[in-house]
Each structure stands twice: as structure tokens, then as C-alpha cells.
Amino acid sequence: MHEIQQKIKLLAKRIGGDETSLSKVPVLNHIIMGYLGISLVCFALFLIAPFVTVVANTPFYSMKAYLGVFGAVLLLIDIFTNRGLWRGSYCLLLFAVCAVAVISSLQTISYGVKDNLFLLCWTGLQFSLFYSCSSRMDEKTLKKYLTVYFFALLGVWLIACGISLLQYVFQIGYHYISDPNSADQSTVRQGFLENRLFGVFSPLNHAAHVSVALVLAGIYYFKKIKNIPVRVLVVVSQIVFFLHVLLSGSRSGMLALLVAVFVLSWICLHNVLKLKKTAKFVTETALAVCITLACIPCIELVKNGLGQIPELVQNCNQEDYTAIQEDYQREKLPVVLQEDILDRDDVKNDVSNGRLMIWTDYASIYKDFGLFGKSPGNYMPVVRDTHPELQIVRYFKDSYPEKYAAGNIYHVHSGYLMLFTSTGFLGVLLMAAFAVLCICRVALYICKQEKIGVEFMVPAAMVAAGVLAAAFDKGIFFTDNAQTFIFWIVLGLVMTQTRQSDENTEAFR
-7 MHEIQQKIKL LAKRIGGDET SLSKVPVLNH IIMGYLGISL VCFALFLIAP FVTVVANTPF
53 YSMKAYLGVF GAVLLLIDIF TNRGLWRGSY CLLLFAVCAV AVISSLQTIS YGVKDNLFLL
113 CWTGLQFSLF YSCSSRMDEK TLKKYLTVYF FALLGVWLIA CGISLLQYVF QIGYHYISDP
173 NSADQSTVRQ GFLENRLFGV FSPLNHAAHV SVALVLAGIY YFKKIKNIPV RVLVVVSQIV
233 FFLHVLLSGS RSGMLALLVA VFVLSWICLH NVLKLKKTAK FVTETALAVC ITLACIPCIE
293 LVKNGLGQIP ELVQNCNQED YTAIQEDYQR EKLPVVLQED ILDRDDVKND VSNGRLMIWT
353 DYASIYKDFG LFGKSPGNYM PVVRDTHPEL QIVRYFKDSY PEKYAAGNIY HVHSGYLMLF
413 TSTGFLGVLL MAAFAVLCIC RVALYICKQE KIGVEFMVPA AMVAAGVLAA AFDKGIFFTD
473 NAQTFIFWIV LGLVMTQTRQ SDENTEAFR
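For what it's worth, our numbering labels the leading residue of the sequence shown as -7, then goes sequentially.
To be clear, the hints were calculated from the coordinates, so they are not data collected in a lab.
Misleading hints may appear alongside valid ones.
[What the hints assert, rightly or not] Dumping the calculated BS3-like pairs for lysine-lysine here, alpha-carbon to alpha-carbon at most 25 Å:
| hint | residue 1 | residue 2 |
| --- | --- | --- |
| 1 | Lys443 | Lys135 |
| 2 | Lys136 | Lys16 |
| 3 | Lys440 | Lys272 |
| 4 | Lys266 | Lys136 |
| 5 | Lys389 | Lys106 |
| 6 | Lys132 | Lys216 |
| 7 | Lys136 | Lys216 |
| 8 | Lys359 | Lys389 |
| 9 | Lys56 | Lys218 |
| 10 | Lys443 | Lys216 |
| 11 | Lys135 | Lys218 |
| 12 | Lys443 | Lys132 |
| 13 | Lys268 | Lys440 |
| 14 | Lys106 | Lys16 |
| 15 | Lys215 | Lys56 |
| 16 | Lys215 | Lys132 |
| 17 | Lys215 | Lys440 |
| 18 | Lys440 | Lys266 |
| 19 | Lys440 | Lys269 |
| 20 | Lys443 | Lys269 |
| 21 | Lys215 | Lys135 |
| 22 | Lys135 | Lys268 |
| 23 | Lys395 | Lys106 |
| 24 | Lys443 | Lys268 |
| 25 | Lys106 | Lys218 |
| 26 | Lys395 | Lys56 |
| 27 | Lys443 | Lys266 |
| 28 | Lys218 | Lys132 |
| 29 | Lys106 | Lys272 |
| 30 | Lys132 | Lys56 |
Just so you know, these numbers come straight off a predicted model, no measurement behind them.
Can you build the whole structure from these sequences, using the hints too?
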């Protein structure tokens, strides 16, 4: 029996390697880290609608596909050399979820291959390269790469958010086809429309959550960087990104920020309170809740103030204000500025903005998804053909006949529902096991630490924000965007830091 166990361990080591195998080809780890940064910035750029329009007729338009192929090549090389893909905590469960998605994709292959192949490729890269990146090198080198990622993304996002805020100030809003190459030729909303700041982004919610991530990451860099001009840049950027989230009307974005505030407050209180364990947990949780709730009226106060800015600017110089609008506005201007311009009309009669209907319809056919689900890329045409009576199908058939003909219906509007529809009960069980293991390890780590540093605090808050965001829109699972890339990188950071050495110290290896 002992010999069999030894043989199994030896086989596992040969396939998965160990910590020492990471240095077999050191340059590969650096190439992977560079690749991750380029992918992150590239996918962030593709959330900016005018950028998509500009590159539509250039080779750069296919950059996401090129990056997917190059990432697959890097992953293949890594499998046979450094084997860093196995270093992510509990990664076997993530790879098992991918395997289930492959099975469901094969079961629905009659509906097409392209969408599933693309999503499976990027999901595999997120689980293998993005999630494991914090284990590939020493702490100092890793921090250098993450700093480059942050400031590169900050530069791109600050310009885009700055332009969007100007669109709000001058009440500029319009519709246009951002991607002339797409099969879906419907227009996207830009600027300030329907009491929301869409800005130069599409889709709005994904962009808002990138801003949330940058606000939180800025806390770390403000604390760590002592250069005054850089700290000023970080603070100004955080203000701009926060204003973008607030003006976008993304309620999931604001909830994500509030969840992050709770986590940050709780950890700070955990560091300073000197009480017995039970009393300490109850006290710090109660105080963290109070701090979080106190932020809500503050946010409303800022929102009310922002609502007055366009009118104030217009009153200061009516002639110039009108001239700017006429230069950039592509659609008919409102005669006068609307009162309460940040109060969304679309959620007054339905606070969920249609999500409850969508979730109810998908939940009503849970038996159809079975053990393996209906695949990440084909679940919509499958539901369209098998359940034409559902409202999520009928609405698209009546309102968007071209999209309906292409196989589209209302998408799931939830990352967790996306996981279920794509991989069925088996995928959900595997991911639930992964989540429970991660939560238990983080909880154990926190219990053992007398004081928790900002290196753990900020990534933990970012993970919490990402987990909340996934409840209300596609995110984390089977999607390819900057928001999802950030989540898997920071989750890897959190799990790496909870890996204890023999001295019970933080380990970045």
C-alpha cells in the first residue's frame, strides 16, 4: 500500500512538478507576466467604444484572438517546463470545471463551435496563467509587474473616464454603431443618456467594475508609494474613477464598493481591537457594518451635489455651453436640463431592472441543465429552441428579431447563473468546493494573524467586490474582460499570501 502511494506521489510530481520546477525556464515566467499585463490593458481598451471603432479596420481588431492563441502556446510550453499552472491553490477543481464545460460544449456542438472555443480558451487561461501568476516569482519582482499593470491601466482608464465626465458636465449623449464588423449592428449608448453616464464605454457595467478595482488598488499604492506627485496622481485618479462609478448608475458597482468598505473596515478593526475572540468578532463586524451604512448617506450627498454641476456650468456661460453641445451632440438636445438628472426612470417600476424576470425564467428550467449544463457559448440558442414560451425568449423575438435569429435571448445577468447554465449541477458543486476551501483557508489565516497588512487587505477587498459584482452581471466565470482578469489575479494574490511557511509568515512563493 505504501509503495502504491509513493508511486502515485511520484507520478503527480512528474505531471504537476513542484515549487522548484518553476525555475526550470525562468524567462518563461517573465514572458507570461508580460503577456498578462498586455492582455489586461488590451481588453480594457476594448471596453472603450471609440477605440473599437478606430481599430475596426486594422489588424489590431483581432488582437484578442491573437492573445488567446499566444496564451495557449505559453500554457502548452508551461505544461512541459515550469508547470506553474499547477501552483494555484485548489486549481484542480477549477480545471475540473473547465473539463465539465468541454463536455457540455461537445453535447451542444450542433449549435456551433466558435463561441465555446473562445470562452473555454480564455477561461482556461484565467484559471492557469492569471490565477497562478503570484506563485511564479519572488515577491519583489511580482510587485514590480503588478505596479506596471496598475499604472498602465490607470493611464488608459483615466483618459477614458475624464472624457466621460466631460460628457456628463455638458450633457452630451448619443447612439452609434461602435463595431462595424460585428454581426450585431445595434447601436450602443454613449455619453449621458437615460439619467446615466454611459460615457465612452460599452458595456457600462463591466467598465464600472474596472473603475471599482482601480479605486481599491489605488489605496495600496497610495500607502506604499512615497513620491508626492505620484500620490497626488493616484488620489485624483481615485476620485475620477469613483465619480465614474457613481454617475454610471451602476448599482452593482456601488454595492461592490460598499462590500469592499466593509472588508477594509473589518480588517482595520481586527488589527486594532484587543478583545477575546468571540467578543472581538462580534464587535468588529458590528462596527464594520455601521461604517459601511454610514457611507450610504455620504454617497447620496455627493450624488446630489453632482446633479447640480451641469446646470451650474450652463449658467456660468450659456453661449459656450451650447456651442460645445452643438459641436459634439449627435442627437436632438433637451430644451432644458431635467431636474434630478441622476434618478433613473428605468428602475422606478422594477427595482431589479428585469433581472428578477430573467433569473426566474432560467431557474424555472433548472432540470434542463442537468449534470453538465448547456455550454458557455450555446446555452442561449438551446434555451431559445427548447423553451420559446419563456419571456426571456419572447421579448427578444418581438423586440430584436435579428438578434433572435442569430440565437440570442436575454443572457443570464449573473456570473453564478452563468456557471450553472454552462456546467450544470456538477460544475456548481466543483466551484462550490473551491469556494469553501478558499474561504476556510482565508478565515484560518486571519485568525492566526495578529495584524494584517495592506498587501492582503486590498486584494481581499477586491476579491469581495468581484464576488458581489458577479451576482448581478456576467463576471468571473466564462467571460473575457478586464474585470474578470483582475479578479483572478487578485484571488491568486490572496490565496498565495494565505499559504503559510513553517514560521507562520506570509509567503509569496
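Hints and how they fare:
no., hint, result
1, Lys443 with Lys135, "holds, 21 Å"
2, Lys136 with Lys16, "holds, 21 Å"
3, Lys440 with Lys272, "holds, 14 Å"
4, Lys266 with Lys136, "violated, 35 Å"
5, Lys389 with Lys106, "holds, 23 Å"
6, Lys132 with Lys216, "holds, 13 Å"
7, Lys136 with Lys216, "holds, 12 Å"
8, Lys359 with Lys389, "holds, 24 Å"
9, Lys56 with Lys218, "violated, 36 Å"
10, Lys443 with Lys216, "holds, 17 Å"
11, Lys135 with Lys218, "holds, 16 Å"
12, Lys443 with Lys132, "holds, 21 Å"
13, Lys268 with Lys440, "holds, 14 Å"
14, Lys106 with Lys16, "violated, 35 Å"
15, Lys215 with Lys56, "violated, 34 Å"
16, Lys215 with Lys132, "holds, 17 Å"
17, Lys215 with Lys440, "holds, 24 Å"
18, Lys440 with Lys266, "holds, 14 Å"
19, Lys440 with Lys269, "holds, 11 Å"
20, Lys443 with Lys269, "holds, 14 Å"
21, Lys215 with Lys135, "holds, 14 Å"
22, Lys135 with Lys268, "violated, 35 Å"
23, Lys395 with Lys106, "holds, 17 Å"
24, Lys443 with Lys268, "holds, 15 Å"
25, Lys106 with Lys218, "violated, 48 Å"
26, Lys395 with Lys56, "holds, 23 Å"
27, Lys443 with Lys266, "holds, 11 Å"
28, Lys218 with Lys132, "holds, 17 Å"
29, Lys106 with Lys272, "violated, 53 Å"
30, Lys132 with Lys56, "violated, 30 Å"
Of the numbered hints listed earlier, those contradicted by the structure are 4, 9, 14, 15, 22, 25, 29 and 30.
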